[in-house]
Amino acid sequence: MKFPTTEAEIRKLRAGDEVVVDGHILGIRDRTQIRIFDQGIEPPMDLNGAFLLHTAPGVRKLGPGRYEKVCIGTTTSARMVRFTEPLGRQYGVRAICGKGGLPDEAIEPMQRLGMVYFAIVGGAAALETTQIEEIEEVAWEELMPECLWKFRVKDFGPLTVGIDSHGNSVFHDVQEAAQRRLEDILARI
Amino acid sequence: MSLVETDLQGVVEDAAAHLYVWALKDIPQDLRDALEEARGRETSIPGRRVLDIIARNIAIADEEKNLVCQDTGIAVYTCRVGEHFPLHPARIYEALKTGTERATLEHPLRSNAVHTITRENTGPNTGYRLPIVHWEFISDWDGLDVKCVPKGSGSENMSFLKMCVPADGVKGIKQFVLESIVGAGGKPCPPGIVGVGIGGSADYAMYLAKEAITRPVGTRNADPIVAELEDELFALLNETGIGPMGLGGDVTVLQCHIEHADTHMTLNPVAVNYQCWAARRATAHVSAAGDVDFDREA
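Protein sequences appear in the order of chains A and B. At position 187 of the first sequence the residue is numbered 187 (this note's numbering), and the sequence of numbers has no breaks. At position 58 of the second sequence the residue is numbered 1058 (this note's numbering), and the sequence of numbers has no breaks.
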C-alpha cells in the first residue's frame, strides 16, 4: 500500500494482515516527539496521512542537510505510546511502525481516529536499509540522530498489522494467552 | 613507558576497533545455527514470517557487509587478563576506549552515548565510564582475551532484579524469570538469550546476568545443578507463547544461560538481562608478544 494514505484505506486493514509499503515515510523518535508535544514546537513537515517509523538512522553526511544511508533500523515503540493519540488527533497521522508493539492504551485512540500500528522485525536493519531508496529530507539536525527524517521507500516490509482501527491488538491477545499459560506453568513448578 | 608497552597498547586498540565493527556485521555461527533451528520448529504464521525475515536480514548483512542491526549499542567488553600480560589494565582500558572511538568515526557508526541527565551526545560511543569493561584476572598466564559485546538498548531496557528471600526457594527464581520474559513481550526482540544471574549480591547478580548473555549460545553452566535449571527454564520460557517479536508462536527464547555465585544465608537475588536475537559478540586473543587471533565463536 502507498503512503501518505487516507482513513478509508486504513480502515480496510485487520490485525494480523501482512502489508508491504511504497511511497514516503517519516522517521521519528523519542526526542523528536518530546520537542513536538512537550516543548510545543510545530514539526516542519506535513504529518497528515503519514506513516511514522520509530527510528534513529545511522547515516553519512554528504553536505548541508544531505545524508546518505548507512544502516537504518527500527526501535522499541512502547516508550513512545503517549504520543499516539495527539499524533492522530492533532496531525492526522495514519500509521505508526515500530518493533515490540504498543501497550493497550493505544487501542482506543487508533480505533477512534482511524490509525494502525505496523509491527516490523526489530534488528533486521540490513534488510530495511535496502528497502529505503533515499533520505529526501531532514529537519532538526541538532537532535541527530533523533531528527525528523523523510524517506522514500520501495517494498518496505513485510509488516504485520499489530493493532488495527477496529479495536484489535495482536499484542493484547498474545499477552492475555501468555498470562493464562504462565498461571498453568506456575501451578506445576 | 617502554617501547614494548607502547606497541601492545596500539595492538589492543586496533583489535578493539576491528572487533566493534566485526561484531556488528558478522554474527557467530552458534547464533546462526540457533536461529535456523528456531525457524525449523516455529509453526505460527507471524512467527515464521519474523524468522524468515531475520534469515534474509543476516544474508543481506553478509552480502552487503552492512550491520545486522542499526543499534550499535553500548560498547561492552569482557577482558580476561593474564597476570603476566605485559600491559597494565589502565592502558588496556585506554586502548579499548580509543578503539571504540576510531571504529565509530572511521566506519561511521551511529553514536549512541549521551549524558544521562542532559541527554546530550557525548561523542563516538564513549563518554564518562563508557565503554563498560568487565575484568577477570587469570593466574599463571601471559595472554589477554578481549570480547566485544555491543549491547542493544531494546533488550537492555528489559533488565530486571528481584531480591527473593530464601523461603521463595528455586521456585521464586523460576517464577521471576518467567514473569519477566512474559512481561517483556516483544520489546527485547525475541527470540533471544535470557541471561540470569543468581546469588552474590544485588549488583553482582546483575553483573552475572550480563556475563551469562556473552556465552556462546547453548553452552551450559559447569555446575550440573545450575545446568539443570538452565534446561528447565529454557523449556518453560518456550511454553509461554510470546513468540518471535512478541507476535505469538512456539519460539520465545533461543536459550537461557545462568551464572551463579554463592551468597549470604538470608539472600536469594535473581537478575535477568535480555540479549536480543542479534546477539552480537566477537573476541580477540592477544598474546604477550602482540600477536592477535580473532575468534567469532568464543
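By construction, these hints were calculated from the structure, which means they are not laboratory data. Among the clues, some could well be false.
[Said to hold, decoys possible] Reference listing, derived: stretches of chain A covered by chain B, where coverage requires no fewer than 3 residues with Cβ under 8 Å from a Cβ of chain B:
no. : segment
1   : 83-92
2   : 130-137
[Claimed, not checked] One-sided and incomplete, this derived list gives chain A residues near chain B with beta-carbon spacing under 8 Å:
no. : residue
3   : R35
4   : P44
5   : M45
6   : N48
7   : G58
8   : L62
9   : W140
10  : G167
11  : N168
12  : H172
13  : Q175
14  : A178
15  : I185
16  : L186
17  : A187
Bear in mind that the values here come from a model prediction, so they are computed numbers and not experimental data. Every residue, glycine too, gets a C-beta built ideally from N, C-alpha and C.
When the least beta-carbon distance from A178 of chain A to chain B is tested against 8 Å, hint result: holds, 5 Å
Supplied contact hint for G167 of chain A, tested at 8 Å Cβ to chain B: Nearest chain B Cβ about 18 Å off; hint violated.
Evaluation of the interface hint that places P44 of chain A against chain B, nearest CB under 8 Å: This hint is violated: P44 of chain A lies away from chain B, its Cβ roughly 21 Å from the closest one there, beyond 8 Å.
Interface hint for M45 of chain A, Cβ within 8 Å of any Cβ on chain B: violated, 21 Å
Hint status (Cβ of L186 of chain A to nearest Cβ of chain B, threshold 8 Å): holds, 6 Å
Interface hint for N168 of chain A, Cβ within 8 Å of any Cβ on chain B: Result: violated, 13 Å to nearest chain B Cβ.
Per-residue hint verdict: L62 of chain A, partner chain B, C-beta under 8 Å: violated, 12 Å
Q175 of chain A as an interface hint toward chain B, with CB separation required under 8 Å: Q175 of chain A check passes; min Cβ-Cβ to chain B is 6 Å, inside 8 Å.
Given hint I185 of chain A near chain B, where the shortest CB pair must fall under 8 Å: Since the shortest Cβ distance to chain B is 6 Å, the answer is holds.
Within 8 Å of chain B's CB atoms, at least three CB atoms from the segment 130-137 of chain A: coverage verdict: violated (count 1)
Satisfaction of the N48 of chain A interface hint, Cβ to chain B closer than 8 Å: Violated. Min distance 27 Å.
Status of the hint placing W140 of chain A at chain B (closest C-beta pair under 8 Å): violated, 14 Å
Of the numbered hints listed earlier, those contradicted by the structure are 1, 2, 3, 4, 5, 6, 8, 9, 10, 11, 12, 17.
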